[in-house]
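Participant: Sequence:
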Amino acid sequence: MWGLFFKVVLVLLAIVGVMELFRSFFFWLLRTKNSGKIYWVLSFKGHDEEAEIALKNAIEKLRWFGGTQEKEIVCIDRGMDEETKEICTMICEETPGMELYEPEEAAERLAQEFANT
Numbered sequence: 299m300w301g302l303f304f305k306v307v308l309v310l311l312a313i314v315g316v317m318e319l320f321r322s323f324f325f326w327l328l329r330t331k332n333s334g335k336i337y338w339v340l341s342f343k344g345h346d347e348e349a350e351i352a353l354k355n356a357i358e359k360l361r362w363f364g365g366t367q368e369k370e371i372v373c374i375d376r377g378m379d380e381e382t383k384e385i386c387t388m389i390c391e392e393t394p395g396m397e398l399y400e401p402e403e404a405a406e407r408l409a410q411e412f413a414n415t
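Numbering-wise, the sequence shown is residues 299 to 415 according to my numbering.
Incorrect hints may have been included.
As the list claims (entries may be wrong) - Under the rule of at most 25 Å between Cα atoms (straight-line distance), these lysine-lysine pairs were calculated in the PhoX-like manner:
1) K369 - K354
2) K331 - K305
3) K369 - K343
4) K343 - K354
5) K359 - K369
6) K383 - K369
7) K331 - K343
8) K305 - K343
9) K359 - K331
10) K305 - K335
11) K359 - K383
12) K354 - K383
13) K359 - K335
14) K331 - K383
Note that these hints are calculated values from the structure, not bench results. In this text the structure is predicted, and so the values were computed from the model without any measurement.
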């Protein structure tokens, strides 16, 4: 019984490993000199109990992307309450590459960024 269980787990891990090799190979094949910039946009409105988790999740996902691209997390305040805004402000201050904007500021910032490229 346990032998079969361990074989199944081993096969599943082998499949995941092979898929990761394929992914790495295709990323290597599709690389360019223009690495671009990755933006992860999160917007919050009202009270959001999961704001901190959403921001930390975005940080970790961008770390997993790896590569040499510049990465930025854009947090948009669409009328969040004080507690949510305090959490977002605190995380933005301690995380490089993360900014908190009003919707108009975010649109202006991104338009400015794209105009410069």
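Participant: Next, verify each hint and record whether it holds.
Facilitator: Hint-by-hint comparison with the structure:
no., hint, in the structure
1, K369 - K354, "holds (14 Å)"
2, K331 - K305, "violated (43 Å)"
3, K369 - K343, "holds (24 Å)"
4, K343 - K354, "holds (18 Å)"
5, K359 - K369, "holds (11 Å)"
6, K383 - K369, "holds (22 Å)"
7, K331 - K343, "violated (38 Å)"
8, K305 - K343, "violated (48 Å)"
9, K359 - K331, "holds (23 Å)"
10, K305 - K335, "violated (42 Å)"
11, K359 - K383, "holds (22 Å)"
12, K354 - K383, "holds (15 Å)"
13, K359 - K335, "holds (15 Å)"
14, K331 - K383, "violated (38 Å)"
Taken one by one, the earlier hints fail for this structure at numbers 2, 7, 8, 10 and 14, listed in ascending order.
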